[in-house]
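Peer 1: Residue numbers (the numbering used here), protein chains in the order written: chain D, 2 to 394; chain P, 3 to 382; chain C, 2 to 214.
Since the hints were made in silico from the structure, they are not lab data.
You may find that some hints are simply not true.
To be verified - SDA-like cross-link-like pairs, simulated, lysine to any residue; straight-line CA separation at most 20 Å:
(1) P/K303 x C/P116
(2) P/K342 x P/L241
(3) D/K324 x P/F178
(4) P/K181 x C/S103
(5) D/K387 x P/F178
(6) D/K146 x D/P86
(7) D/K146 x P/P24
(8) P/K60 x C/I78
(9) P/K303 x P/I148
(10) D/K328 x D/A157
(11) C/K135 x C/S103
(12) D/K328 x C/M2
(13) D/K387 x C/T36
(14) P/K60 x P/G313
(15) D/K76 x D/L91
(16) P/K307 x C/I78
(17) D/K146 x D/P81
(18) P/K342 x C/S103
(19) P/K181 x C/K135
(20) D/K328 x C/E7
(21) P/K181 x P/V212
Unchecked claim - What follows is a set of in silico ranges between Cβ atoms, one per label pair, in the way DEER data are often shown:
(22) P/Q25 x D/Y94: 27 to 37 Å
(23) C/V47 x P/N21: 37 to 47 Å
(24) D/K387 x C/V47: 18 to 28 Å
(25) P/G57 x D/T302: 27 to 37 Å
(26) P/N21 x D/G178: 23 to 33 Å
(27) D/Y94 x P/N21: 24 to 34 Å
(28) C/F20 x D/V123: 28 to 38 Å
(29) D/K387 x C/E49: 52 to 62 Å
Ideal placement from N, C-alpha and C gives every residue a C-beta, glycine not left out.
Take a look at the letters that make up each chain.
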Amino acid sequence: MTALGIPDAYSFWVLAAVFLVYAGVAMGFASLFAGVCSWYERRIAGRMQSRIGPNRVGPQGILQWLADGMKCFLKEDLIPQEADPPLFRLAPYPVFIGVASTFVVLPFSATVVGSDLNVGLVYLIAITALVVAGILMAGWSSNSKWTLLGGIRSAAQMISYEIPLALALLVVVVPAGTLSLQEMIRHQGGAPWNWFVFESPFTFIAFFVYFTSALAEGNRTPFDLPEAESELVAGYNTEYSGMRFLFFFFAEWMNLYVVGAVVTAVFLGGWRIPGIPVDRQAGNILLEFVGFVLFVAKSLTLVNVIIWLRWTLPRLRIDQLMKMCWKYFVPIGMVSLFCSMLFTALVVAVPLVGRLTSFALFGLGMLICAVFVWRTAYALRTFPAKPYLRWMV
Amino acid sequence: MDGENISLDLEEGQEMLLNMGPQHPSTHGVLRFLVRADGEVMSEAIPIEGYLHRGIEKIAESTPYAGFIPYTDRVDYLAAMFANHAYVTAVEKLLGVEVPRRAEYLRVIADEINRIASHLIAVGAMAMDIGAFTPFLHGIREREIINDLTEMLCGARLTYNYMRVGGVSADLPDGFIEKLKGFLDHFEPGFIDEFNRLISGNEILVKRCVNVATITADEAMDMGLVGPNLRASGVDWDLRRDMPYSCYPDFQFDVPIGRGFRGTVGDSYDRFVVRVLEMTQSVRILRQAIERIPDGEFQAKVPRKIKLPVGESYGAVESSRGELGFYLISDGGEMPYRLKIRTGSFSSMWAIHQKSRGCFVADLVVLIASTDIVAPEIDR
Amino acid sequence: MASVREYVANIRHSVTSIFEGMAVTLSWMFRKPHTVQYPDRTEKPVQETIAPRFRGLLEVSLEICTGCQLCMRTCPINVILVEVKKGGDGNRYLTRFDIDASLCMYCGLCTEVCPTGAIHHTREFEMACADRRKLLLHYVHQAVQPYKPSQKLDPSTLPPHGAVVRKFIEDRDKPYVPYVPAEPPAAPPATEPTTTTRTTPSTTGDGGEEGKP
Numbered sequence: 002m003t004a005l006g007i008p009d010a011y012s013f014w015v016l017a018a019v020f021l022v023y024a025g026v027a028m029g030f031a032s033l034f035a036g037v038c039s040w041y042e043r044r045i046a047g048r049m050q051s052r053i054g055p056n057r058v059g060p061q062g063i064l065q066w067l068a069d070g071m072k073c074f075l076k077e078d079l080i081p082q083e084a085d086p087p088l089f090r091l092a093p094y095p096v097f098i099g100v101a102s103t104f105v106v107l108p109f110s111a112t113v114v115g116s117d118l119n120v121g122l123v124y125l126i127a128i129t130a131l132v133v134a135g136i137l138m139a140g141w142s143s144n145s146k147w148t149l150l151g152g153i154r155s156a157a158q159m160i161s162y163e164i165p166l167a168l169a170l171l172v173v174v175v176p177a178g179t180l181s182l183q184e185m186i187r188h189q190g191g192a193p194w195n196w197f198v199f200e201s202p203f204t205f206i207a208f209f210v211y212f213t214s215a216l217a218e219g220n221r222t223p224f225d226l227p228e229a230e231s232e233l234v235a236g237y238n239t240e241y242s243g244m245r246f247l248f249f250f251f252a253e254w255m256n257l258y259v260v261g262a263v264v265t266a267v268f269l270g271g272w273r274i275p276g277i278p279v280d281r282q283a284g285n286i287l288l289e290f291v292g293f294v295l296f297v298a299k300s301l302t303l304v305n306v307i308i309w310l311r312w313t314l315p316r317l318r319i320d321q322l323m324k325m326c327w328k329y330f331v332p333i334g335m336v337s338l339f340c341s342m343l344f345t346a347l348v349v350a351v352p353l354v355g356r357l358t359s360f361a362l363f364g365l366g367m368l369i370c371a372v373f374v375w376r377t378a379y380a381l382r383t384f385p386a387k388p389y390l391r392w393m394v
Numbered sequence: 003m004d005g006e007n008i009s010l011d012l013e014e015g016q017e018m019l020l021n022m023g024p025q026h027p028s029t030h031g032v033l034r035f036l037v038r039a040d041g042e043v044m045s046e047a048i049p050i051e052g053y054l055h056r057g058i059e060k061i062a063e064s065t066p067y068a069g070f071i072p073y074t075d076r077v078d079y080l081a082a083m084f085a086n087h088a089y090v091t092a093v094e095k096l097l098g099v100e101v102p103r104r105a106e107y108l109r110v111i112a113d114e115i116n117r118i119a120s121h122l123i124a125v126g127a128m129a130m131d132i133g134a135f136t137p138f139l140h141g142i143r144e145r146e147i148i149n150d151l152t153e154m155l156c157g158a159r160l161t162y163n164y165m166r167v168g169g170v171s172a173d174l175p176d177g178f179i180e181k182l183k184g185f186l187d188h189f190e191p192g193f194i195d196e197f198n199r200l201i202s203g204n205e206i207l208v209k210r211c212v213n214v215a216t217i218t219a220d221e222a223m224d225m226g227l228v229g230p231n232l233r234a235s236g237v238d239w240d241l242r243r244d245m246p247y248s249c250y251p252d253f254q255f256d257v258p259i260g261r262g263f264r265g266t267v268g269d270s271y272d273r274f275v276v277r278v279l280e281m282t283q284s285v286r287i288l289r290q291a292i293e294r295i296p297d298g299e300f301q302a303k304v305p306r307k308i309k310l311p312v313g314e315s316y317g318a319v320e321s322s323r324g325e326l327g328f329y330l331i332s333d334g335g336e337m338p339y340r341l342k343i344r345t346g347s348f349s350s351m352w353a354i355h356q357k358s359r360g361c362f363v364a365d366l367v368v369l370i371a372s373t374d375i376v377a378p379e380i381d382r
Numbered sequence: 002m003a004s005v006r007e008y009v010a011n012i013r014h015s016v017t018s019i020f021e022g023m024a025v026t027l028s029w030m031f032r033k034p035h036t037v038q039y040p041d042r043t044e045k046p047v048q049e050t051i052a053p054r055f056r057g058l059l060e061v062s063l064e065i066c067t068g069c070q071l072c073m074r075t076c077p078i079n080v081i082l083v084e085v086k087k088g089g090d091g092n093r094y095l096t097r098f099d100i101d102a103s104l105c106m107y108c109g110l111c112t113e114v115c116p117t118g119a120i121h122h123t124r125e126f127e128m129a130c131a132d133r134r135k136l137l138l139h140y141v142h143q144a145v146q147p148y149k150p151s152q153k154l155d156p157s158t159l160p161p162h163g164a165v166v167r168k169f170i171e172d173r174d175k176p177y178v179p180y181v182p183a184e185p186p187a188a189p190p191a192t193e194p195t196t197t198t199r200t201t202p203s204t205t206g207d208g209g210e211e212g213k214p
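Produce the entire structure from the sequences given, and follow the hints as far as they go.
Peer 2: Encoded structure:
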């Protein structure tokens, strides 16, 4: 700070102001994303269900989220009579803070990051645990047995799934050698076969384990039993209305982006551009911008996959959820972690194995995508489903 | 059952009383359940019906026979043709009217179309209650075509009022057979295969439904279940084949029976699959009916004011929810002395009550959805 | 070993069935949606696509109504009110034909018994309005004589199908005007020569108006 000519006495305030500005920008981005994502999800859901989503408010309905937000904003602030007012009022905030605080470590580009903590991943996992407290508070303070059930289910689910989440991330930490997100991205290459997801079979498995665990953390289908509409009428946030409800909603959608961003950063090469080394990217504004666009594009692809999963799959029952976590994901995560360490040692000794594995796994990834395309084309071919409606009468 | 006077002794500090109230997204109508639960595990789910009671049976006592047919639509609005059919069968038995062949074929065509529509909602709603929203909307989309077909046929899309004493209300319009054929070619195997790929084989749905609320064949018979619920438990009983009515003896069709497709015989998954298979069989019947439909009258000559002789009759059809029967007691006048409606959903209520012991609360939703109850049928 | 096989089979089934389902949902992204954006973005006006037999709002062609009141008697819920009164000249007059469109269940039983087809379903259905009283459709504003089939009316002189109901639909948001039932005409003025001053007593039982100019 003294180097920039600012006296020591003010350095704290200047730093605080800079952080506030950054927080404002990040929250602006996050809120905008959350809002537009809600519209986007409804459009995608509509198309998958052979209907159009909201398309009336504004061109193509793009202002729908604004209308929903205004509606919630203007609603009456209801607190149930028997509810616990301080807890009830407090509950949305830990949920929101838990998710919003992750934006500190999310990288956007080579030099654009809130704070490149050298324990970035651990910070991420730890701060999202705050959400559990918020949900429990919400479920309990609403003074309704249904919300209580929803809150407890959600808490059990979230704390259970933090373990495979952490294990899967650790699997990638082994070849990367660092917990910091920016460093991880620098260790990966730009081209797809240099990404960590294709680094070893165990990171490949860890990708799926992390992705599923992150879905469970975010209470998304197929793990959305706590907010299951058909069973608990929105679970722990049944009694919330207006702005308080919006906080929960915002948290859920911001979490989508966070999941996408973390997966991109850790597994999919982050903001690396194929063929360009890191040091060239760091200073160059154009390359940084391209990196930013790539990063956001990859994150949004993953957000799309999450939305796609939500509208395809039914939800798991709570005991099946827990069984899946403890009997499938945790053992697989642990075995992957152990084998990843062995594999990394092998790669240090024989680098050729590493290169071959990367290419082989990249081929496997492409094969999975090709199978998808083939099955989709098969579906399109065997069931043309022209609109058969009343124009035929 | 009167909600206020149920005496439940909850174990102190162990059990809680949950109310799955009359308004709930997954109780398939206005139906209330008092659930005694120890956390997630239920010890009992007591159904409380009556929220949709409209006194249809009492209204029948002051409505002429021909004028009561629109009321039968509302007994089960998803399977309205079946209710119409059962009622006019009961009246015709007492009146001694011979229904023309063509009218019988028209009745069967209307019935089977309605069966497909009803099962689309049944399996779609079951998938929706389990969390998959997409198959329900795909089913609704297909049902729109059926709605358009019935609109061409009788003028209405849900409450058809199509059958009359002695036949049906109108003959097929021009172009109906072609459109129906087009729909059938489009529906099977195209839609059914896609539906199976989307949700019937989905491991999550399978895991949610297998071994949940297994009803064995003996239990099903004891509880008086009918229709797909009974057949999914392994009992080979279908009114269309075993107590034939109308012109069903002319058709060749299989009766799908639960075999424990992925779990045990009689679990919820069997009930789901049996309904999907029944849709395929309905398509088969429709294809045969279209080819063989004879020419003739669409309604027998019946007096304007129907006066039935003194007596009793029972007319039953195999509706999509089981045996839908109308028991009619006539005292010689223009209006029935007593009309009793027997519906499949009412028997399923006892099955739900019994089978809910020991299930999870989440399983209760699956159980309700798999027995395909509709509140208007329970309460009438 | 069996449990290991089951374990692996579980994973395999889950992955394949989930991917298969995802492929189906993805395929729907490439098909056109089936939504018909009624009422303003439809390809054709909706009324042109409705089946001819659609049971929409009931309409009465008074020109061919015979005043038999069969529809009133057949209706299971008594939403039709037909009044036929004797006029001053001894003829029957239709003074009232009300249909309560809010109660009607559009079953079509009345249209089946009508001997001339005067009461029929139209393909109109857009009668939703803010005032419930406007849903009681009054078809008679002036007493008319019922139709006698021997008159042999030319069908092409009738107004187009649905015209009366469309007028109701157009006026549905206008303020409610209380309905005054029509009255049959009184006895015609006496046409006997003015020489005799003997007044013929009125043959009607209404009003007490003498038929004097």
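Peer 1: Work down the list of hints and note, for each, if the structure agrees.
Peer 2: Now the hints, each set against the structure:
{"no.": "1", "hint": "P/K303 x C/P116", "in the structure": "holds, 17 Å"}
{"no.": "2", "hint": "P/K342 x P/L241", "in the structure": "holds, 19 Å"}
{"no.": "3", "hint": "D/K324 x P/F178", "in the structure": "violated, 53 Å"}
{"no.": "4", "hint": "P/K181 x C/S103", "in the structure": "violated, 33 Å"}
{"no.": "5", "hint": "D/K387 x P/F178", "in the structure": "holds, 19 Å"}
{"no.": "6", "hint": "D/K146 x D/P86", "in the structure": "holds, 17 Å"}
{"no.": "7", "hint": "D/K146 x P/P24", "in the structure": "holds, 16 Å"}
{"no.": "8", "hint": "P/K60 x C/I78", "in the structure": "holds, 14 Å"}
{"no.": "9", "hint": "P/K303 x P/I148", "in the structure": "violated, 30 Å"}
{"no.": "10", "hint": "D/K328 x D/A157", "in the structure": "holds, 15 Å"}
{"no.": "11", "hint": "C/K135 x C/S103", "in the structure": "holds, 9 Å"}
{"no.": "12", "hint": "D/K328 x C/M2", "in the structure": "holds, 16 Å"}
{"no.": "13", "hint": "D/K387 x C/T36", "in the structure": "holds, 12 Å"}
{"no.": "14", "hint": "P/K60 x P/G313", "in the structure": "holds, 18 Å"}
{"no.": "15", "hint": "D/K76 x D/L91", "in the structure": "holds, 18 Å"}
{"no.": "16", "hint": "P/K307 x C/I78", "in the structure": "holds, 17 Å"}
{"no.": "17", "hint": "D/K146 x D/P81", "in the structure": "holds, 13 Å"}
{"no.": "18", "hint": "P/K342 x C/S103", "in the structure": "violated, 29 Å"}
{"no.": "19", "hint": "P/K181 x C/K135", "in the structure": "violated, 39 Å"}
{"no.": "20", "hint": "D/K328 x C/E7", "in the structure": "holds, 13 Å"}
{"no.": "21", "hint": "P/K181 x P/V212", "in the structure": "violated, 38 Å"}
{"no.": "22", "hint": "P/Q25 x D/Y94: 27 to 37 Å", "in the structure": "holds, 31 Å"}
{"no.": "23", "hint": "C/V47 x P/N21: 37 to 47 Å", "in the structure": "holds, 43 Å"}
{"no.": "24", "hint": "D/K387 x C/V47: 18 to 28 Å", "in the structure": "holds, 20 Å"}
{"no.": "25", "hint": "P/G57 x D/T302: 27 to 37 Å", "in the structure": "violated, 58 Å"}
{"no.": "26", "hint": "P/N21 x D/G178: 23 to 33 Å", "in the structure": "violated, 56 Å"}
{"no.": "27", "hint": "D/Y94 x P/N21: 24 to 34 Å", "in the structure": "holds, 30 Å"}
{"no.": "28", "hint": "C/F20 x D/V123: 28 to 38 Å", "in the structure": "holds, 33 Å"}
{"no.": "29", "hint": "D/K387 x C/E49: 52 to 62 Å", "in the structure": "violated, 20 Å"}
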